[in-house]
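Novice: Next come the chains, spelled out residue by residue.
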Amino acid sequence: MVEPIFDLQFRLILIGDSTVGKSCLLKCFTDGKFAELSDPTVGVDFFARLIEVDDGTRIKLQLWDTAGQERFRSITRSYYKNSVGALLVYDICNRASFDHIPVWMSEARRQIEPHRPVFVLVGCKVDLAENGGQREVPKEEAKLFAQKHGIFHVETSAKYGWSVEDAFRKVTEEIYNRVQSGEYKVEDGWDGIKTGFVRQKGLDINLVEAEPTKSSCC
Amino acid sequence: MDTSDSECFESADEDIQSDEELPKKVFNKDCQNLLKPNPNYELEASETLCDPRTEESKITRQNDASIKLEIAVKGDNESKNSNKASHSSSETEDICQVTSKINTINVIDDSKPVLSRKENVEGDLCNIKQVEQETVKKSRSCAKTKLGSKISKDTVKFEITPEKKKSKVVEKEKLHKTENNIISSVQIVENEKLKVDNDDQNLWDDEELDWGTETKLESDAKHNISKDNTEEYKFQPSPSSNTPQFNPHIGKKSENQSDNWGAWGSWGVSVLSTATQSVSSITSQLTNVIETGLGAADPEELARIDREEKRELKESLGKECEQDIPSEAPSVGFGLGNLVKLVENTGNKVISGGLDTLETIGKKTMEVLQEGDPGLKKKRAFLKIEQNKPVLSQILREAKERAENERNISEEVYMKKMKNYETLFDDHHGLVHLEALELLSKQCEIKLRNLQNSLNGEQYTEFLETMDQIKELCELPDEEEEDQISILEIREKLKKAVTEMNVQISYDKLMTNWEESEVWLNALNMNICDEKELHQQAIETLAQLTSLAMEQFHKIGELLLIKDRRSTADEADSLVQVTTTLTALIGIAAAKFSEKLNSKICESTNKEISGLITNVFFEAANSSSYIQDALQLLIPVLQVGAV
Numbered sequence: 001m002v003e004p005i006f007d008l009q010f011r012l013i014l015i016g017d018s019t020v021g022k023s024c025l026l027k028c029f030t031d032g033k034f035a036e037l038s039d040p041t042v043g044v045d046f047f048a049r050l051i052e053v054d055d056g057t058r059i060k061l062q063l064w065d066t067a068g069q070e071r072f073r074s075i076t077r078s079y080y081k082n083s084v085g086a087l088l089v090y091d092i093c094n095r096a097s098f099d100h101i102p103v104w105m106s107e108a109r110r111q112i113e114p115h116r117p118v119f120v121l122v123g124c125k126v127d128l129a130e131n132g133g134q135r136e137v138p139k140e141e142a143k144l145f146a147q148k149h150g151i152f153h154v155e156t157s158a159k160y161g162w163s164v165e166d167a168f169r170k171v172t173e174e175i176y177n178r179v180q181s182g183e184y185k186v187e188d189g190w191d192g193i194k195t196g197f198v199r200q201k202g203l204d205i206n207l208v209e210a211e212p213t214k215s216s217c218c
Numbered sequence: 001m002d003t004s005d006s007e008c009f010e011s012a013d014e015d016i017q018s019d020e021e022l023p024k025k026v027f028n029k030d031c032q033n034l035l036k037p038n039p040n041y042e043l044e045a046s047e048t049l050c051d052p053r054t055e056e057s058k059i060t061r062q063n064d065a066s067i068k069l070e071i072a073v074k075g076d077n078e079s080k081n082s083n084k085a086s087h088s089s090s091e092t093e094d095i096c097q098v099t100s101k102i103n104t105i106n107v108i109d110d111s112k113p114v115l116s117r118k119e120n121v122e123g124d125l126c127n128i129k130q131v132e133q134e135t136v137k138k139s140r141s142c143a144k145t146k147l148g149s150k151i152s153k154d155t156v157k158f159e160i161t162p163e164k165k166k167s168k169v170v171e172k173e174k175l176h177k178t179e180n181n182i183i184s185s186v187q188i189v190e191n192e193k194l195k196v197d198n199d200d201q202n203l204w205d206d207e208e209l210d211w212g213t214e215t216k217l218e219s220d221a222k223h224n225i226s227k228d229n230t231e232e233y234k235f236q237p238s239p240s241s242n243t244p245q246f247n248p249h250i251g252k253k254s255e256n257q258s259d260n261w262g263a264w265g266s267w268g269v270s271v272l273s274t275a276t277q278s279v280s281s282i283t284s285q286l287t288n289v290i291e292t293g294l295g296a297a298d299p300e301e302l303a304r305i306d307r308e309e310k311r312e313l314k315e316s317l318g319k320e321c322e323q324d325i326p327s328e329a330p331s332v333g334f335g336l337g338n339l340v341k342l343v344e345n346t347g348n349k350v351i352s353g354g355l356d357t358l359e360t361i362g363k364k365t366m367e368v369l370q371e372g373d374p375g376l377k378k379k380r381a382f383l384k385i386e387q388n389k390p391v392l393s394q395i396l397r398e399a400k401e402r403a404e405n406e407r408n409i410s411e412e413v414y415m416k417k418m419k420n421y422e423t424l425f426d427d428h429h430g431l432v433h434l435e436a437l438e439l440l441s442k443q444c445e446i447k448l449r450n451l452q453n454s455l456n457g458e459q460y461t462e463f464l465e466t467m468d469q470i471k472e473l474c475e476l477p478d479e480e481e482e483d484q485i486s487i488l489e490i491r492e493k494l495k496k497a498v499t500e501m502n503v504q505i506s507y508d509k510l511m512t513n514w515e516e517s518e519v520w521l522n523a524l525n526m527n528i529c530d531e532k533e534l535h536q537q538a539i540e541t542l543a544q545l546t547s548l549a550m551e552q553f554h555k556i557g558e559l560l561l562i563k564d565r566r567s568t569a570d571e572a573d574s575l576v577q578v579t580t581t582l583t584a585l586i587g588i589a590a591a592k593f594s595e596k597l598n599s600k601i602c603e604s605t606n607k608e609i610s611g612l613i614t615n616v617f618f619e620a621a622n623s624s625s626y627i628q629d630a631l632q633l634l635i636p637v638l639q640v641g642a643v
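In order, the protein sequence lines correspond to chains H and G. No gaps in the numbering here: position 114 of the first sequence is 114 in the working numbering, and each next residue is one more. No gaps in the numbering here: position 493 of the second sequence is 493 in the working numbering, and each next residue is one more.
Simulated from the structure, these hints should not be mistaken for lab results. Among these hints, one or two may not hold up.
Below, a list of computed lysine-lysine pairs in the BS3-like style, where the Cα atoms sit at most 25 Å apart [claimed, not checked]: (1) Lys-419/G with Lys-81/H; (2) Lys-509/G with Lys-27/H; (3) Lys-81/H with Lys-509/G; (4) Lys-419/G with Lys-194/H.
If you only want the chain G side, here are some residues facing chain H, beta carbon under 10 Å, derived [as the list claims (entries may be wrong)]: (5) Val-391; (6) Asp-427; (7) His-433; (8) Glu-435; (9) Gln-443; (10) His-554; (11) Glu-558; (12) Leu-561; (13) Arg-565; (14) Ile-588; (15) Ala-591; (16) Glu-595; (17) Asn-598; (18) Ser-599; (19) Ile-601.
Because the structure is a prediction, the values reported are computed rather than measured. We put the beta carbon where it would ideally sit given N, CA and C, even for glycine.
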């Protein structure tokens, strides 16, 4: 569960073909767990996690895990709008999923307009390739694609937790930078960035001190 | 008897001339009169007695209802009056009850006696009560007299600061009814410092001797000291006895007192007794005033209060006192002449003796308090640092504010820890599901509007009719007070509704969630469960159930939209069923938690718990309205399916 106190909330959306591993990536990131088998996502699911950036600002990531199935496409499209960042997820062992990335990306761009979302290209299931599986998307190719579009690229394994944190941290930091540079603002009618429960200076210490006595009974 | 003017007091002669006038004068005396080297001391003393202005006392009740008694001695000055006043107060029976709770007493400086105490009687914590009880017991045992102050929700401040040198007593009394504050400050300066035996009894005896031999000095001292009383009265450092001493409230004087005065010698006995009586009455008057409610006030501010006001008050008091003691009046004049002379001669000694006594009291108080409060030394050290600050009372006030702030903060922290419903609803993704459902709903509305705009004529009206029909289908039945349906029934109803809707969702998770909560509730040991945690659990459960409900509504919306064949009527009917069933479940949950909370109710926590119960029902209503909102959001989804 997410701690109640955070300074900012970023809404990120995960998009990509079905079964590329979006939900597993999120479960790994938020729970640290990995499930070999999982049901396909219906519509959209939600995850959340708190991340602290370098200057100590606590950021709550609200993660929208969209269904990759084609039948939900029209529905998930309506969820894009309020996102400030998008993770373009593909399976490194699934060429088609990588080939569809430009479609996902342009779709997201269009829906999120006029805002300019932060993208990160995430290749999943690196562990499969490491264990003798057939890698269909060379790392260099993905990197080139990312460079071409000016986005980050990360290859991950939700099973082993490789670079999962890194993928989300990159987006978060980039968004935070843009917030600080003034490109992103908290706006009415757009939920990409929200302010959270602001910590009151001076209360922090008390909170920490008070913590140990918290769970006394029941 | 005419009410005395302040001017009368200024001249000792006048006062002495008429016996009858004396009592009045005594009452009317102004502090300023005291300043003058008049032999009027006696009279003034009596007044002094009523109010121990010598000290500034503040008792501040902090979070824990702790009261700080701070005694600070400034300068080498000695205050005599204060001692006497305290004696008198202690002597008198029934005068003082300790209402105030004193947990802490800080003494700033032993050597220098300024007593400052701020009393703030507010809460009634158990430990305080205990302290009180102990105090009462102690005071009873050590003397028949009850010592203490009867101050309720008031603040009494007494401040002593060194003023003019040369043995005269300056007494200021300020009563402010409007503000309900009483501040009295007495400033006594004396060149000499007498060494006083620490033994209280001895001390008092010494004083008596001094009085007797040197003069019939200040009525103050004598006043308060009667033989019997002296013997009975001991300055015991028990918090109870200490506390009361500072308090200026003298309710009554013991009947024996008049007899006791005989011991003093032939001089001025009657005067003294009269004065004593007067003092008593004044004191009682003051007590009344004080009890009516005193608010804490800045001593400085109070100091600025019109002298006129003070006088008026005193006059009125004087009048009242007059009526109280008419029988005593005739004897007043006796020995006055002697007294006047003696006063002048021995003023210094008396005062110094009194000061020493005060100092002793302070030290003893410290000792006692330190025994009970290990942290006192720290506080003392802390206060000592700030000693240089101009006004002691300000320090105390700041300390009080600090304490209040701390309390507020701790309450805030507690509230922070206890997440509110909205936060929990958000944590369980209820809010975001609702938002997503809203997005879906909007999308469907847009679709419908586009469609509507493309239609005309008959098609258009038909379309509108369909829309309205669906809306009607989704109207919730009037809340028919269903007799509590069981959890099993709820489960069945939900299952049936889902089947009719023909979407692949399940309320198993939601039901399991509630059943777990129910198990937890049933296994709950009410003896160890804090009502606040129980309340928190209730809110948590409600938020969780509602969040799960939101999730399912959201999923239903999504699945309906991608469903191949729609059957709008069935869907609408099922959704209404789901909605009513879920709100019923919320009601059951709220009732169950409230029932548990209710069992925690006892007299002391009655209000608090009923507040918590109200909150549970409030959040339950909140949950229900979220659920009903969700149904409304689904209407466009249903409508899209119908066209």
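Novice: Given a cut of 10 Å on the nearest C-beta pair, is the interface hint for His-554/G held or broken against chain H?
Specialist: Nearest chain H Cβ about 7 Å off; hint holds.
Novice: Using 10 Å as the Cβ threshold, decide whether Asn-598/G counts as touching chain H.
Specialist: At about 17 Å, which exceeds the 10 Å cut-off, the nearest Cβ of chain H leaves the hint on Asn-598/G violated.
Novice: Would the stated hint for Arg-565/G survive a check requiring a Cβ distance to chain H of less than 10 Å?
Specialist: Arg-565/G check fails; min Cβ-Cβ to chain H is 14 Å, beyond 10 Å.
Novice: Just to be careful, I want the Cα atoms of Lys-419/G and Lys-81/H compared with a cutoff of 25 Å; is the pair within it?
Specialist: Outside the cut-off at roughly 30 Å; violated.
Novice: Take the shortest C-beta to C-beta distance between Ser-599/G and chain H; is it under 10 Å?
Specialist: violated, 14 Å
Novice: Has the given pair, Lys-81/H with Lys-509/G, been kept, meaning a C-alpha gap of at most 25 Å?
Specialist: Violated, because 30 Å separates the two Cα atoms, which is more than 25 Å.
Novice: Just to be careful: measuring from the Cβ of Glu-435/G to every Cβ in chain H, is the smallest value less than 10 Å?
Specialist: holds, 7 Å
Novice: So if I understand the rule, the pair passes when the alpha-carbon distance is 25 Å or less; does Lys-509/G with Lys-27/H pass?
Specialist: holds, 19 Å
Novice: Does Ile-601/G hold up as a contact with chain H if the rule is Cβ-Cβ below 10 Å?
Specialist: violated, 18 Å
Novice: Tell me if the interface restraint on Glu-558/G is satisfied: Cβ within less than 10 Å of some Cβ in chain H.
Specialist: holds, 3 Å
Novice: Have a go at the Ile-588/G hint: is there a Cβ in chain H nearer than 10 Å to its own Cβ?
Specialist: With a closest approach of 21 Å, the Ile-588/G hint is violated.
Novice: Let me know if the C-beta of Asp-427/G comes in closer than 10 Å to any C-beta of chain H, holds or violated.
Specialist: Holds. Min distance 5 Å.
Violated hints, listed in ascending order, are 1, 3, 5, 13, 14, 15, 16, 17, 18, 19; each of the other numbered hints is respected by the structure.
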